[in-house]
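Q: Each chain is listed here by its residues.
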Amino acid sequence: MAKCLTYMWVRRAVIRLLKSLLVAAALLVGISAIAQQQYPDIGRAATPAEVKAWDIDVRPDFKGLPPGSGSVAVGQQIWEAKCESCHGTFGESNEVFTPIAGGTTKADMETGRVASLRRPDFPQRSTLMKLSQLSSLWDYINRAMPWNAPKSLTTDEVYAVTAYILNLGDIIPSDFVLSDKNIAEVQARLPNRNGLVKFMPMWDVRGKGDVSNTACMTNCATEVTLSSTMPDHARNAHGNIAEQNRLVGPVRGADTTKPPPLAMAVAREVPIAAPAPAKAVTGAELARKSTCVACHVANRKLVGPSYADIAKKYAGDSSAVAKLMDKVRKGGAGVWGVIPMPPHPEMTDADIKMLVEWSLQGGK
Amino acid sequence: MSQRPSSGRIIKAPENFLSPAMIAEVQRGRRDFLRGAFASAITGATATVASRAVAQSTSLGDPNILELPEHTKGLGQPVAATPYGMPSKYEANLQRRESPGLTRVSAASVSFCPLQGLFGIITPSGLHFERHHQGWWDIDPTKHRFMINGLVKKAKVYTMDDLMRLPSVSRMHFIECGANTGMEWGNVAVPTVQYTHGMLSCCEFTGVPLSVLLEDCGFDKLKGKYILAEGADGSSMTRSISIERALDDCFVAYAMNGEMLRPENGYPLRLVAPGIQGVSWVKWLRRLEVGDKPYATKDETLHYIDLMPDGTHRQYTSIQECKSVITTPSGGQTLMDRGYYNVSGLAWSGRGRVKRVDVSFDGGRNWKTAKLESPVLSKCLTRFSIGFNWDGSPAILQSRAIDETGYVQPQMRQLRQVRGTRSIYHNNAIQSWKLDTNGEVSNVHVG
Ligand code: HEC
Ligand code: HEC
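These protein sequence lines map, in sequence, to chains A and B. With the first letter of the first sequence counted as 1, position 69 gets the number 68 in numbering that gives the first Met the number 0; the numbers rise by one all the way through. With the first letter of the second sequence counted as 1, position 146 gets the number 145 in numbering that gives the first Met the number 0; the numbers rise by one all the way through.
FYI, nobody ran anything at the bench for these hints, they're computed from the structure. In this text, a Cβ means the ideal position worked out from N, Cα and C, and glycines have one as well. Mixed in with the good hints, there may be bad ones.
Below, a sample of chain B positions facing chain A; criterion: calculated Cβ distance under 8 Å [unchecked claim]: (1) Val78; (2) His131; (3) Gln133; (4) Asn256; (5) Ser377; (6) His425.
Next up, chain A with everything else stripped away, as it sits in the complex (with noise of 0.2 Å):
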């Protein structure tokens, strides 16, 4: 009984300096205080079919690979119904979207570096030129493939047309099937599998980068040139500048679709950029922004009848909207009582008679 109670009084002296330590510790930390807690009644566990249908990615080492199979044939009978419409035949689409294939060589295969990268003069970069892991093609045909509708091939499809693709760099042969059982041999045959680097200084947030430069003060550049300005034909490539720019402030944009002006004098008379014309605007949008709302509802006589009491009144007079105009624009009294509506000179035919019609439809 007594060795029951020292034990006992042991264990809960054990379990209050537990206690303290963590309330220690979690202050220690901080904010990942927070963190070190479980929401048991928030969320809920997903289920394996759930997880199956969105994990969906596959690793360099294949992991998530699903199995299946797919041969160059049937890769290019899909290629021919499905991609070649944005990427060409051979995937050369060097009209609209990057190319897919080219700019490999059976010598690139032996090295795993693809020598035209090199080239500053080589006009394009294909997706096999890039290409250091077939995982990354695979996943992003059956993740995004085709552009208009991500996601309809099967596995199979999948397997097929990345095989018409890597057939198209030779790196396949035409009778070639590939599977997840080849995938692997196929990457060690890719043209650029040793052309990308792991890059530490800019993936770590602690990193050094790789390019440097000092603070320096005064005296720094011997000499200031221009390497590079705006050529003059471009000067409007991107639209009018006034126009995207402030109306007030301390600058203006410039009047790009004329030639720089020669000197300040003539800067100063830059032209203010209307802004674009508004868009057209419903009854009930002018109705809002005119005055009539401050006397005027749908449904109830305020100052001035209802919406819906004008409609009533009105309904299968042909000749309203010119009188109802007339009598907006004009003011007036005594139709519906002795408070008369102001007169609207300001407001434009137009608008008046939108807003005329609208009322005359209840202001719906």
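Starting from the known structure of chain A, fit chain B with the ligands onto it as the hints suggest.
A: For chain B with the ligands alone, kept in the frame of chain A given last:
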């Protein structure tokens, strides 16, 4: 051409514009007469002259003061006339814009933020830059689900209701696309700061720290080294993030600038990965997976890789290094006169706080330290400013930021020496704006 006077300055009327008799009439208070006089004075003149004439006014003063405007004398609009408020119609020039010819299809493209007209550090939600790979969607938040799986004790699914019950943080951070300023690697390509630097925005985001979520799922603290984030759109954007970054300051955000995220920015859920390039801030976020290796996803192997002069590509270049740019005045803008200007711009670093910004007016020969406006926050835009008395002579304006790690924003030349001109991504070079004698500012590279 607009009829509005081009400035509020009163420019003296040319002599003989009003006869002494007319002036006498005006001084007697005959405003109607004045109007008539203008009407006759401008008959037959061009629109430009007309607007100048009005602006020129008389010795009495500015007609914008003397003639009370409609808004002073009439009834204004009621409350809730626009239930969701919009900017003034006079601000319509400041919009997100595409750069002509940059991309081939608008659903896999960029719209640039009009930095040339923004103030402070917060980007208005409607002007936040956009970059989509397969178009944007407005997703029903009641149907949106968020899953965590992989190296966790319990793979979990959360609804938006669930996420919005959890402890949250609100933080201000910049987001910059890795390809920002990418068009400028080789030569001057675009005219204004909107196009040179407009894949940059900064907002206050609200959401749940990844540390809370990962803990809630019991992630594997020994084996779990990477997180994969995945979007729910057609491109199902996937990006790897190191677990240290994830636990440090990443969070899943549902709100931006006090309202829910805008659809173009990932409504109802996106990842916020402070300091890391925008592509990693996966929009329409549907899933996080905990793994022991990086994923080399499509946007880590075929896009967002930096081509070096030796023909290799750098992968996982995530951090947006320290950078700055002068926004007022900037390319395509025109100074209206000599005299005082408050030159101002933005500075930021993906590695922490901005410590200092220096500004040069002579193309980098001499520098002066600018004033930093508060707040100066980690991985957030910082506004800097410095006074400038322009005497009308040509100048080249530059800004150079230094962050708390001591890193100094490099010159274009220094970047090119190491990285060549074909890397597309991560151009954080010092920007040069040339100010001409005619007041025009243009984009230039200094050799
Ligand atoms: C409607 C046009 C369209 C169709 C059809 C289409 N694609 Fe694409 N594809 C694109 C666009 C646009 C991109 C670039 C997407 C981006 O920027 O994120 C692309 C990118 C790709 C890439 C990566 C290119 C690179 O940058 O290296 C591959 C590979 C690809 N598509 C394969 C396919 C395959 C296979 C099919 C048929 C199953 C297909 N595409 C159908 C438009 C299309
Ligand atoms: C200051 C209050 C006031 C404002 C503002 C006002 N109204 Fe009226 N409105 C009235 C009154 C009062 C009447 C009834 C006049 C009468 O009895 O003849 C009326 C009548 C009308 C009628 C019916 C006229 C008839 O002869 O049957 C129409 C249509 C109408 N208003 C439209 C408008 C529109 C459109 C606007 C905005 C441009 C507007 N009102 C602004 C007070 C106002």
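Q: Now tell me, hint by hint, if it's right for this structure.
A: A quick look at each hint next to the structure:
{"no.": "1", "hint": "Val78", "in the structure": "10 Å, violated"}
{"no.": "2", "hint": "His131", "in the structure": "12 Å, violated"}
{"no.": "3", "hint": "Gln133", "in the structure": "6 Å, holds"}
{"no.": "4", "hint": "Asn256", "in the structure": "21 Å, violated"}
{"no.": "5", "hint": "Ser377", "in the structure": "10 Å, violated"}
{"no.": "6", "hint": "His425", "in the structure": "7 Å, holds"}
The earlier numbered hints that this structure contradicts are 1, 2, 4, 5.
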